[in-house]
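> Put together the whole structure using the sequences plus the hints.
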Amino acid sequence: MEINFLSKLCATMDNKLDYVPVVSSITNLVNIFQKCVLLNFKKNVTLSHYYDYLDRKSFKRCVVLLIPVLGNIIVGVYDFYRYSMRDKSYMLRRLSQKGLGLKYASSELKQDKEVVLIAVKQNGLALQYASPELKQDKEVVLVAVKQNGLALQYASEDLKNDEDVIVAAFIENKLALQYVGQEFRKNNEDEIIDIFMKNKSCVHAIVKVEGGMLKYASEELKNDKEIVLAAVQQEGWALQFASEELKNDKHIVLAAVQQKGSALQFASEELKNDKEIVLAAVQQEGSALQFASEKLKNDKEIVLAAVRQNGRAIHSASEELKKDKDIQRIAAQQIA
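Heads up: the sequence shown begins at 1 in this note's numbering, then just goes up one per residue.
Hints are computed from structural coordinates only; laboratory data are not their basis. Note that the coordinates shown come from a computational prediction; the quantities given were computed from them, not determined experimentally. Be aware that a few hints might be false.
Said to hold, decoys possible - 30 Å max Cα-Cα, derived DSS-like pairs, lysine-lysine:
(1) Lys200 x Lys138
(2) Lys295 x Lys322
(3) Lys215 x Lys186
What the hints assert, rightly or not - Computed Cβ-Cβ distance ranges for the label pairs, DEER-style:
(4) Gln290 x Glu245: 38 to 48 Å
(5) Phe5 x Asp55: 17 to 27 Å
(6) Lys113 x Ile74: 32 to 42 Å
(7) Glu244 x Glu114: 49 to 59 Å
Backbone N, C-alpha and C fix where the C-beta goes; we use that ideal spot for every residue, glycine too.
See below:
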């Protein structure tokens with residue numbers, strides 16, 4: 001018992017002396033001798049706490065500590081950094097500002113869900129440094145791909161085939177699709193479209209870029225004002241895929257005709273007779289006059305706005321206004 005105590009004491013003292021200039025040079029010179037000579041004769045170094053410590057102490061560390069002062073500084077900085085990477089509180093503070101710092105965390109902390117969640121929340125790509133177990137954790141992976149869709153490449157194979165994860169990654173970054181799993185790739189085109197187009201967040205992201213994709217959305221989403229508005233603001237003609245209810249929504253139709261005047265053709269009959277709607281449509285695209293109600297085709301203000309934008313719109317005016325001198329003059333100027 002006493003021998004074991006002395007062995008532990010020697011190991012502790014040796015470790016502490018590594019930080020004492022000059023003294024550390026002497027102790028590590030002795031360490032090098034012991035590692036090169038004595039340890040070769042010790043068959044069971046693990047039976048002695050001191051010799052086990054000495055066996056694990058790196059030769060490089062001993063050599064560096066032969067240099068007085070500078071060696072102590074180098075080892076001190078290295079040890080502080082190494083111990084910090086194992087300190088959870090320190091790492092949580094660091095990772096909240098720089099998630100990729102997870103790379104330098106200890107193996108134990110890379111398995112800690114709280115630590116990894118903080119890292120991937122700050123930078124989704126930090127997922128690459130998480131333990132294999134946490135790369136299989138759906139909560140962790142979802143947080144990562146929502147922050148950076150390309151983090152999908154570091155998820156487990158199972159989660160690369162998970163619809164929720166794939167959709168979340170796609171919404172954040174369309175390029176994430178290159179990292180989907182092999183099982184997901186086996187779906188045909190219609191199945192893949194269905195997976196994406198039944199998710200509101202995904203559809204919203206898609207129609208903001210390509211309004212016409214509203215065509216593939218579910219009936220429920222075609223009746224969703226937020227979704228349809230995003231679609232018609234990107235492509236007015238997407239109004240044709242909206243529900244009948246939203247084709248009669250003034251706010252939606254106005255946004256559609258302001259983007260593409262001829263989208264008026266898809267509006268409800270009631271809104272084709274709305275002066276504000278029709279005026280906005282013909283100002284954007286004069287030829288949209290052909291889709292206005294008969295009443296508004298006979299409205300001089302509407303027809304004048306149409307022919308100012310496109311002289312040929314006069315052909316859609318009422319017979320009475322086709323003979324109007326002001327309208328004829330402006331139309332002729334536009335066509336000329």
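> With reference to the structure, classify each hint as holding or not holding.
Hints versus structure:
Using a Cα cut-off of 30 Å, the hinted pair Lys200 and Lys138 holds, with the two alpha carbons roughly 20 Å apart. Under the criterion of a C-alpha separation no larger than 30 Å, the hint pairing Lys295 with Lys322 is consistent with the structure, at around 14 Å. For the hint pairing Lys215 with Lys186, the CA-to-CA distance comes to about 24 Å; that is within 30 Å, so the pair holds. At roughly 25 Å, the beta carbons of Gln290 and Glu245 sit outside the given window of 38 to 48 Å.
At about 20 Å, the CB distance of Phe5 to Asp55 agrees with the hint of 17 to 27 Å. Range check, Lys113 to Ile74: about 35 Å between beta-carbon atoms, so the 32 to 42 Å window is met. At roughly 50 Å, the beta carbons of Glu244 and Glu114 sit within the given window of 49 to 59 Å.
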